[in-house]
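> Keeping the supplied structure of chain R fixed, place chain B upon it in accordance with the hints.
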Amino acid sequence: DQQVKQNSPSLSVQEGRISILNCDYTNSMFDYFLWYKKYPAEGPTFLISISSIKDKNEDGRFTVFLNKSAKHLSLHIVPSQPGDSAVYFCAASYKAAGNKLTFGGGTRVLVKP
Amino acid sequence: GAGVSQSPSNKVTEKGKDVELRCDPISGHTALYWYRQRLGQGLEFLIYFQGNSAPDKSGLPSDRFSAERTGESVSTLTIQRTQQEDSAVYLCASSLGLGPGNEQFFGPGTRLTVL
Chain R
1 DQQVKQNSPS LSVQEGRISI LNCDYTNSMF DYFLWYKKYP AEGPTFLISI SSIKDKNEDG
61 RFTVFLNKSA KHLSLHIVPS QPGDSAVYFC AASYKAAGNK LTFGGGTRVL VKP
Chain B
1001 GAGVSQSPSN KVTEKGKDVE LRCDPISGHT ALYWYRQRLG QGLEFLIYFQ GNSAPDKSGL
1061 PSDRFSAERT GESVSTLTIQ RTQQEDSAVY LCASSLGLGP GNEQFFGPGT RLTVL
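If you read the sequences in order, they're chains R and B.
Start counting the first sequence at 1; every next residue gets the next number (the working numbering).
Start counting the second sequence at 1001; every next residue gets the next number (the working numbering).
Bound conformation, chain R alone (with noise of 0.2 Å):
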């Protein structure tokens, strides 16, 4: 039971054109979510987080999207960059389970100089 997917397993786009990636969950308890990002052979870092009390949240280059009566969320990165090229997972908590996080599958951004 995958209660956060990512649909995309790989994204490609031009170098200062925008990214966009997308999450969907099934658990409305989830009231945190989170976007990480991986290079190969080291562990994840944190991108940037939104609460379920807000629709939005921007951070420089990244822009989180939250869409909780469609359970979605989306993160834009803009312009892209080379170096943004890694695994970018969504995840998902909620405080009554510890803040554990439930990640999705991730989504493979490569961005062409």
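Hints were generated in silico from the structure; no laboratory data involved.
Treat the hints with caution; some may be incorrect.
Taking lysine-lysine and the PhoX-like style, the derived pairs with C-alpha atoms no more than 25 Å apart in a straight line are [claimed, not checked]: (1) R/LYS54 - R/LYS71; (2) R/LYS5 - R/LYS54; (3) B/LYS1057 - R/LYS5; (4) B/LYS1015 - B/LYS1057; (5) B/LYS1057 - B/LYS1011; (6) B/LYS1011 - R/LYS38; (7) R/LYS95 - B/LYS1011; (8) R/LYS54 - R/LYS68; (9) R/LYS5 - R/LYS37.
Partner residues are not named here, just some residues of chain B that face chain R (Cβ under 7 Å, in silico) [to be verified]: (10) ALA1054; (11) PRO1055; (12) GLY1099; (13) PHE1106.
Virtual Cβ for every residue (Gly too), placed ideally from N, Cα, C.
This is chain B only, laid out in the frame that chain R set:
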């Protein structure tokens, strides 16, 4: 300051042997989490500690898996009688506390291969 460290970075073992994986969290972080990532998949939660106690062990796949944490610092994940399906990258993360805003910082992982 130092991040989360894990040892060994790689472990190759034979089916049926026991293995012990170690995690050193960031100093002062009270919460510690174990996840694993099988090839081509996302991370799956195994267990978390708040201090030295483990309120949620629901992700441990079987009774061959156990974990402990001593002194609110180091944690060890033990897998007894390893099976080939245990092959994965085992990741440890720590956070200052629980609750939103307490982001989890991950170690580089231990890649376990069971032959």
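> Hint validation: B/PHE1106 versus chain R, beta carbon distance must be below 7 Å. Holds or violated?
Cβ of B/PHE1106 sits 3 Å from chain R, so the hint holds.
> Against the 25 Å threshold, does the CA-CA distance of R/LYS54 and R/LYS71 hold or violate the hint?
This hinted pair holds, its Cα atoms lying about 13 Å apart.
> Does B/GLY1099 pass the interface hint, meaning its C-beta sits closer than 7 Å to a C-beta of chain R?
Hint holds; B/GLY1099 Cβ to chain R Cβ min 6 Å, cut 7 Å.
> Just to be careful, I want the Cα atoms of B/LYS1057 and R/LYS5 compared with a cutoff of 25 Å; is the pair within it?
Holds, at roughly 23 Å.
> Given the hinted pair B/LYS1015 and B/LYS1057, is their Cα-Cα distance within 25 Å?
Measuring from Cα to Cα gives roughly 24 Å; hence the hint holds.
> Quickly compare the C-alpha distance for R/LYS54 and R/LYS68 to 25 Å and report which way the hint goes.
The hint holds at about 9 Å.
> So, B/ALA1054 near chain R? Judge it on the closest CB pair being under 7 Å.
violated (10 Å)
> Regarding the pair R/LYS5 and R/LYS54, is the alpha-carbon distance no greater than 25 Å?
holds (21 Å)
> For R/LYS5 and R/LYS37, compute the direct alpha-carbon distance and say whether it is at most 25 Å.
holds (16 Å)
> Decide if the proposed pair is consistent with the structure: B/LYS1011 and R/LYS38, CA atoms, cutoff 25 Å inclusive.
holds (21 Å)
> Grab the minimum C-beta distance from B/PRO1055 to chain R and call the hint holds if it beats 7 Å, violated otherwise.
Check passed: Cβ of B/PRO1055 comes within 6 Å of chain R, closer than 7 Å.
> Within 25 Å, alpha carbon to alpha carbon, are R/LYS95 and B/LYS1011?
Since the Cα atoms of R/LYS95 and B/LYS1011 sit roughly 34 Å apart, the hinted pair is violated (cutoff 25 Å).
Checked against the numbered hints given earlier, the structure breaks hints 7, 10 and satisfies all the rest.
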